[in-house]
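Novice: Residue-level listing of the chains:
There are 2 protein chains.
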Amino acid sequence: MVRELTISLDGMGGDIGPSVIVAGAEIAHVRHPEIRFILFGDEAKLRAELEKSPRVADASTIVHTDVAISMDDKPSQALRRGRKTSSMWQAIDAVRDGRAQAAVSAGNTGALMAMAKVILKTLPNVERPALTAVIPTMRSESVLLDVGATIGPDEKQLVQFAVMGQAYARILFGMERPSVGLLNVGEEEMKGTESVKAAAQILRASDLPIRFHGFVEGDDIAKGTVDVVVTDGFTGNISLKTIEGTVRLLVSYLRDAMSRTIFTKIGYFFAQTAFTMLRARLDPNEHNGALFLGLNGLVVKSHGGADAAGIASAIDLAVDVASAGLVDRIAADIHLLGDVTSGAASEKSPAQEEAV
Amino acid sequence: MVRELTISLDGMGGDIGPSVIVAGAEIAHVRHPEIRFILFGDEAKLRAELEKSPRVADASTIVHTDVAISMDDKPSQALRRGRKTSSMWQAIDAVRDGRAQAAVSAGNTGALMAMAKVILKTLPNVERPALTAVIPTMRSESVLLDVGATIGPDEKQLVQFAVMGQAYARILFGMERPSVGLLNVGEEEMKGTESVKAAAQILRASDLPIRFHGFVEGDDIAKGTVDVVVTDGFTGNISLKTIEGTVRLLVSYLRDAMSRTIFTKIGYFFAQTAFTMLRARLDPNEHNGALFLGLNGLVVKSHGGADAAGIASAIDLAVDVASAGLVDRIAADIHLLGDVTSGAASEKSPAQEEAV
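Here the protein sequences line up with chains A and B, keeping their order. So the first sequence is numbered by the working numbering: it starts at 34 and just counts up by one. So the second sequence is numbered by the working numbering: it starts at 34 and just counts up by one.
Wrong hints could be hidden among the right ones.
To be verified - Here are the simulated DSS-like pairs of lysine-lysine, each with C-alpha atoms no more than 30 Å apart in a straight line: (1) B:K256 with A:K298; (2) B:K154 with A:K230; (3) B:K85 with B:K107; (4) B:K230 with B:K154; (5) B:K154 with B:K107; (6) B:K256 with B:K230; (7) B:K117 with B:K107; (8) A:K256 with B:K107; (9) A:K154 with B:K230; (10) B:K230 with A:K107; (11) A:K230 with A:K256; (12) B:K117 with A:K256; (13) B:K78 with A:K256; (14) A:K298 with B:K117; (15) A:K117 with A:K78; (16) A:K107 with A:K117; (17) B:K154 with B:K117; (18) A:K154 with A:K117; (19) B:K256 with A:K107; (20) A:K230 with B:K78; (21) B:K107 with A:K230; (22) B:K117 with B:K78; (23) A:K107 with A:K154.
Hint data in this document are derived by calculation from the structure and do not stem from the laboratory.
All chains should be built: construct the whole structure from the sequences, respecting the hints.
Specialist: See the structure below:
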């Protein structure tokens, strides 16, 4: 890494708060000893935690904030109550004014998205931001976006998501040209919603720097058919949560089946390492960190229930995308879009609005 | 059962064709010795199979057809090529004219849906049909609809799906008042697409015979939070295939983990019955049979790759819903809707069209 990186941390976000945020920062700092933190939150609580983490204490500046956004605050409430005063707001604001290169928060998603949009604004040529998730697949991992930032995007916005997603995958997977698929109900051209069909036409016709695979279906997500799966925030959010629910169901079935007889219990005893490995592969903390794309700055959303290892994963992600200059890369790629989609100017659907 | 039931079978549908259809009918007939079949397809091929299944031979009438719809035929092709002449068309037509009480086909979904709509038409007050799936959950099973028949339904059509889904669940699960949820990106009232929000308003305000739970999220499908999950065909199709893909991914991870060391292999040996049980619970043949709802007659779609046990499950389903008089029950419940949704008359969106 060439320059010093500073990550701003919302010290009050998440189900647990300061203790797990500081412990996560400790793990991340061992892996990235060159980074610095700005910790926003209740100073007394943060100082108490830093006494257990001298590494983080040395690498951090504390900025006291009075307000903590709760996990149940509605985005509008959070904006009213937490504007300027909250740890979440100030962590994002540090990215806006250049004190930090990325913000990490385990706080509530709707509030974080609303604040990030207000503070950072979208990049030129980006109409709406997207929230990303990284999904384990048969091949390795894929990026899924949007998972809930924008409900009812039109074709231009879907194309913007494709451009943003491939820029992210290039950095995340270290690939030259990740493949991109549009999520649909079939692979044939005539299938799907109007916006999905029109987006595919733009992507097929354009000479954007995108390896466009075409349509993919729901089962292609886990297959890893493409590196980047593009969809609207409604379908993406439901798909992501459907995956989470299905994993939990299968783990519960398996636990049930393994405790059924004395033989299966013996089997469980011998196969413990296999189950530990399976658990590690499915551990949401391993894949923790959802990135908002399309904003004028980097904000990583950690799972609210993440443990220290999970927070560390989210910080790692922030370090990776910040040091690779993701925002500049997206801005450069999106710039090419100006010409591509201007021909297909379509009015915003009246049904379109945001999830927050 | 009070009256004799006849099931019409598309003898040529599916990846395998006559052999598995007849073998499946044999299994189903052991469980329902009172039912009769009309078998549509190539007479020579069907006769050869019936020699191995005297039970089915005794209970069946063969009707020779020259045309078999292929699994790759587009719906429009199938309608042109197979109108009146194909085994698929004639199996459905037998339901229209009362020779059979339900049709079962393992043929291609798009073609089956297109033909079923042309031949049977939708019930009064039903604008669009829905395709259902039955999903294993933490509690037991739930009905998910629509899984691909109607892309972009408006709020009235979503309400019709809710009514149809609960009528189906009442029969399938033997419940008085199954609970119904609308799939969304959050539980709060202000979240989601316009049509989902408007459908929730209608369902909350109405005195329809529906136990409306409110919004559910993607992970609620596997949790079994409600008995009936209602969504549009785009999201439903993608959710269903996302579940299938995730199950396959986890089974592959598990296989991988269990063959890693000598200990895990010993564990696998002892725990075999657990894995057999797990496999049975996840076996798509156990849950085989997707029903088209909202038509003037019953058509069950079997998975194209189903084995004999899978075909038998699909026939069982046809027998259950036919003997319970599902079409009449839906017609009666939907009749109540006329008043409920007429106030909220909304024009059909121009983007709306069908998946086929």
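Novice: Work down the list of hints and note, for each, if the structure agrees.
Specialist: Hints, verified against the model:
The hinted pair formed by K256 of chain B and K298 of chain A meets the criterion: a straight-line CA distance of about 26 Å does not exceed 30 Å. Distance restraint check for K154 of chain B and K230 of chain A: the Cα-Cα separation of roughly 28 Å lies within the 30 Å cut-off, and the hinted pair is therefore satisfied. At most 30 Å may separate the alpha-carbon atoms for a hinted pair to count; K85 of chain B and K107 of chain B exceed this at roughly 34 Å. With a CA separation close to 29 Å, the supplied pair K230 of chain B and K154 of chain B stays within the 30 Å bound.
Annotation: proposed proximity of K154 of chain B to K107 of chain B holds, straight-line Cα distance about 20 Å (limit 30 Å). The suggested pairing of K256 of chain B with K230 of chain B holds, with an alpha-carbon distance near 23 Å, which does not exceed 30 Å. Of the pairs offered as hints, the one joining K117 of chain B and K107 of chain B holds, with about 17 Å between alpha carbons and a cut-off of 30 Å not exceeded. Between the alpha carbons of K256 of chain A and K107 of chain B the distance comes to roughly 25 Å, so the proposed pair stays at or under 30 Å and holds.
In summary, the hint linking K154 of chain A to K230 of chain B is supported, as the alpha carbons are separated by about 28 Å, within the 30 Å threshold. With a C-alpha separation of about 18 Å, the suggested pairing of K230 of chain B with K107 of chain A holds against the 30 Å cut-off. Taking the CA atoms of K230 of chain A and K256 of chain A, the gap is near 23 Å; set against the 30 Å cutoff, the hint holds. Straight-line distance between C-alpha atoms of K117 of chain B and K256 of chain A comes to about 39 Å, which puts the hinted pair past the 30 Å bound.
About 37 Å separates the Cα atoms of K78 of chain B and K256 of chain A, which puts this hinted pair outside 30 Å; it is violated. A threshold of 30 Å between alpha carbons decides the hint, and for K298 of chain A with K117 of chain B the separation of about 58 Å lies outside it, so the pair is violated. Under the criterion of a C-alpha separation no larger than 30 Å, the hint pairing K117 of chain A with K78 of chain A is consistent with the structure, at around 20 Å. For the proposed pair K107 of chain A and K117 of chain A, the alpha carbon gap of about 17 Å is at most 30 Å, so the pair holds.
Annotation: proposed proximity of K154 of chain B to K117 of chain B holds, straight-line Cα distance about 16 Å (limit 30 Å). Between the alpha carbons of K154 of chain A and K117 of chain A the distance comes to roughly 16 Å, so the proposed pair stays at or under 30 Å and holds. A threshold of 30 Å between alpha carbons decides the hint, and for K256 of chain B with K107 of chain A the separation of about 25 Å falls inside it, so the pair holds. Restraint check for K230 of chain A and K78 of chain B: not satisfied, since their Cα atoms lie roughly 42 Å apart, outside the 30 Å limit.
Restraint check for K107 of chain B and K230 of chain A: the C-alpha separation of about 18 Å stays at or below 30 Å, so the hint holds. The straight-line distance between the Cα atoms of K117 of chain B and K78 of chain B is roughly 20 Å, inside the 30 Å bound, and the hint therefore holds. This hinted pair checks out: K107 of chain A and K154 of chain A have alpha carbons roughly 20 Å apart, not beyond 30 Å.
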